[in-house]
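Visitor: Now for the letters of each chain:
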Amino acid sequence: MKKHDLYDKFLTDTLSENEEKELLEVLKDEKKADSFTEYIIETNMMVSAAENIDSATIQISKSKSEIRSIVLIAAAMITLGFILFFTSFKDSFEVISSDVVNVTEGSEFIDKRIEFTEGEITLRSSNGDHIKVKGPVDLELSSLEEINLRKGVISVKLSDSTDSFEVLTPHGSVKDLGTAFGLAVRESFSEIHVYDGKVQVNLPNAIETLIAGESIAFSPSKKFSSIAYNKNLFKEELAETLFMGERELRPGEQMDLVLDTSGKILKADLKLEFSKEQDFKYRIIAYSNEKEVFKSKEFSANDKPSIEIPTTAIKDLKIEMKVAHGLAANSILKIENMSLITEGVRPYEGEVLIAAGSEWKYIFETKPDKNWMEQNFDSSTWLQGNAVLGFGDKDISTKIGGYELRKTVKNIYFRHEFEVNDLEINSLKKMVANLLADDGALVFLNGSEIFRYNLPDGLIDEDTHALKVISKGGEMIYKNFSIPTDSLKMGKNVLSVVLFQRRGKSSDMRFDLQIKAY
Amino acid sequence: MSLSRNSEFLQIAFDSRPVLTAYAYSILKDWGLAQDIFQDAVISMNEKHSEIQADSPLKWLKSVIRNKAIDHIRKNERNKNRNEQLSILLEEKFDQFLKNDSIQEYKEKENALQNCMAKLKPESRNVIIDFYKTKLSCEKIGNLYKKSTNAIRLILSRSRSDLRYCVKKQLENQP
Numbered sequence: 001m002k003k004h005d006l007y008d009k010f011l012t013d014t015l016s017e018n019e020e021k022e023l024l025e026v027l028k029d030e031k032k033a034d035s036f037t038e039y040i041i042e043t044n045m046m047v048s049a050a051e052n053i054d055s056a057t058i059q060i061s062k063s064k065s066e067i068r069s070i071v072l073i074a075a076a077m078i079t080l081g082f083i084l085f086f087t088s089f090k091d092s093f094e095v096i097s098s099d100v101v102n103v104t105e106g107s108e109f110i111d112k113r114i115e116f117t118e119g120e121i122t123l124r125s126s127n128g129d130h131i132k133v134k135g136p137v138d139l140e141l142s143s144l145e146e147i148n149l150r151k152g153v154i155s156v157k158l159s160d161s162t163d164s165f166e167v168l169t170p171h172g173s174v175k176d177l178g179t180a181f182g183l184a185v186r187e188s189f190s191e192i193h194v195y196d197g198k199v200q201v202n203l204p205n206a207i208e209t210l211i212a213g214e215s216i217a218f219s220p221s222k223k224f225s226s227i228a229y230n231k232n233l234f235k236e237e238l239a240e241t242l243f244m245g246e247r248e249l250r251p252g253e254q255m256d257l258v259l260d261t262s263g264k265i266l267k268a269d270l271k272l273e274f275s276k277e278q279d280f281k282y283r284i285i286a287y288s289n290e291k292e293v294f295k296s297k298e299f300s301a302n303d304k305p306s307i308e309i310p311t312t313a314i315k316d317l318k319i320e321m322k323v324a325h326g327l328a329a330n331s332i333l334k335i336e337n338m339s340l341i342t343e344g345v346r347p348y349e350g351e352v353l354i355a356a357g358s359e360w361k362y363i364f365e366t367k368p369d370k371n372w373m374e375q376n377f378d379s380s381t382w383l384q385g386n387a388v389l390g391f392g393d394k395d396i397s398t399k400i401g402g403y404e405l406r407k408t409v410k411n412i413y414f415r416h417e418f419e420v421n422d423l424e425i426n427s428l429k430k431m432v433a434n435l436l437a438d439d440g441a442l443v444f445l446n447g448s449e450i451f452r453y454n455l456p457d458g459l460i461d462e463d464t465h466a467l468k469v470i471s472k473g474g475e476m477i478y479k480n481f482s483i484p485t486d487s488l489k490m491g492k493n494v495l496s497v498v499l500f501q502r503r504g505k506s507s508d509m510r511f512d513l514q515i516k517a518y
Numbered sequence: 001m002s003l004s005r006n007s008e009f010l011q012i013a014f015d016s017r018p019v020l021t022a023y024a025y026s027i028l029k030d031w032g033l034a035q036d037i038f039q040d041a042v043i044s045m046n047e048k049h050s051e052i053q054a055d056s057p058l059k060w061l062k063s064v065i066r067n068k069a070i071d072h073i074r075k076n077e078r079n080k081n082r083n084e085q086l087s088i089l090l091e092e093k094f095d096q097f098l099k100n101d102s103i104q105e106y107k108e109k110e111n112a113l114q115n116c117m118a119k120l121k122p123e124s125r126n127v128i129i130d131f132y133k134t135k136l137s138c139e140k141i142g143n144l145y146k147k148s149t150n151a152i153r154l155i156l157s158r159s160r161s162d163l164r165y166c167v168k169k170q171l172e173n174q175p
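Residue numbers (my numbering), protein chains in the order written: chain L, 1 to 518; chain S, 1 to 175.
Excised from the complex, chain L in its bound form (with noise of 0.2 Å):
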């Protein structure tokens, strides 16, 4: 039985033998005895005050005596009155837990702006509300009636006698007229649930009241947008947007989402806006382990569809988008917004070792020492550059090359460098490359090649053609692929691709990857 189990059970029923002699067990430590005798005092207290609130009589006694004792006790409260009535409390949030470094339990913020990538914090004001901050957060306590949340989490529980408390969001304000709620601010909308009592929310020129139960996301172009309700926003249950912004998506490609498996239902609203306006249809068909979990009826492009997926036992989910009819198949949808919120399932996003985007070393103009691949190659002479890297279309980072020289380009070569210290890479259930890669690529990793695309089996050279042309369109997408976990060292890894051409003199070339372990 815990210890305080055991205290409440000696006040208020009988101990048996057994929970007499553990009870002198834990009283032996003379720590212990001490906290066990002040639990009876604090409890003797406790009782007292709630009664002296909620009892409005006072039994009068017969006894003189009696009557005097409680005069004496009325004059302790009326000086216990006087003594609360003047005393003054510095306002401001303690930190009462925290599992942030550099966030110490005790430290007080007031008028200061807290920011963290990691962790949680609860705060208590000395109004005695409380608020659960989880990284990564950027957060401004401007005073005890009103905070900013820039980015991030937080879940919020007003003290009663707390009269007014607003949180001010990119997106729009909260005003609580209650208790309790959880508000998350996302990239392009913010989101509410409501716990307890009443919040409303302002936008620029709308105005909206939740009750509890209720949730909503609001943004002030959008207004406001109804959400699945999460009780538990804050919690490991996060409600999670797994895609935001652009994408577009052939018919039958697929979005990897990969989950844990402590939910139950992965329920999605998607939101799909279309850059053009066509007439056709399509399913939402989820897999896992490539057998099909689950495939949604036929939707139209205006329809909003919601579908709930069980997720019992269902480790690597892979939500496939297919065009039943009515589109070409070589069509490219353009999803502009598409949100997908779990409840009761937290999406693990798994461990990016090569970032989108990230700096390479490349070469082009002459071919490299035929170990160019390997890890202790040594490549600090090559010219380097952020991705997206390549030629020939506008939108590039790093652009390669003069006009004249492109001309002549048949192969690119890169590296990345990159260190593995903190990850455990025997527990590595997979690692996933996104390749954008115009036109063909053949990919190292530490010397050894995990994957090629668009290029013909058997030995490769310099003279090699990429089997066919990427068109546009097709070129902005990154493709999916699988590598061997077991091709990851701890401490420095060396990826190297080269890129091939379909053709000599091609107008464009371009290139991007990324690797996450999960």
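I should point out that these hints are in silico values taken from the structure, not numbers from a laboratory.
All residues carry an ideal CB built from backbone N, CA and C; glycine is no exception.
Watch out, some of these pointers could steer you wrong.
To be verified - A partial selection of chain S residues facing chain L, derived with a Cβ cut-off under 7 Å:
(1) S87
(2) L89
(3) I129
(4) K168
Assemble chain S onto chain L, guided by the hints.
Guide: Then chain S, alone, in the frame of chain L:
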């Protein structure tokens, strides 16, 4: 004994009330009875002040409370089989907590607690009373408030922790 001396005794009694009633509570396991016994003991003190040695009113009061509490248990056949080892330990501990410093400390804590309790939700206050005073089980309280047993346990532990924090802050901020 002058009247002012008697008043001085009464003042000591009321200053030590949080600890002395807790002492009675530890014997009787009944919060309401503990308050009554304390009140009876103070009345006795007032009536018999001339017999009490000037330097030991607290010792006298504690001993009267103990006798009255045990007498009550005997008459009402409640908790007759008190664990002697536990009783001795609590006697020693309460003797320590009845020293001047502790009395002053708990007097201040009691004052602060009264204010903090007012900030607690009425439902939480009621749960505290139901559990510790009325001695209802968490399950029964849960049925009353249409909450789970665990939710009631949580209310109890959170209320205690909130009150502790509030008291600490109030004492720190006292001028």
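Visitor: All the hints need checking, so say for each whether the structure fits it.
Guide: Hint-by-hint comparison with the structure:
no.	hint	verdict
1	S87	violated, 11 Å
2	L89	holds, 6 Å
3	I129	holds, 5 Å
4	K168	violated, 10 Å
Going down the numbered hints, you'll see the structure goes against 1 and 4, while the others check out.
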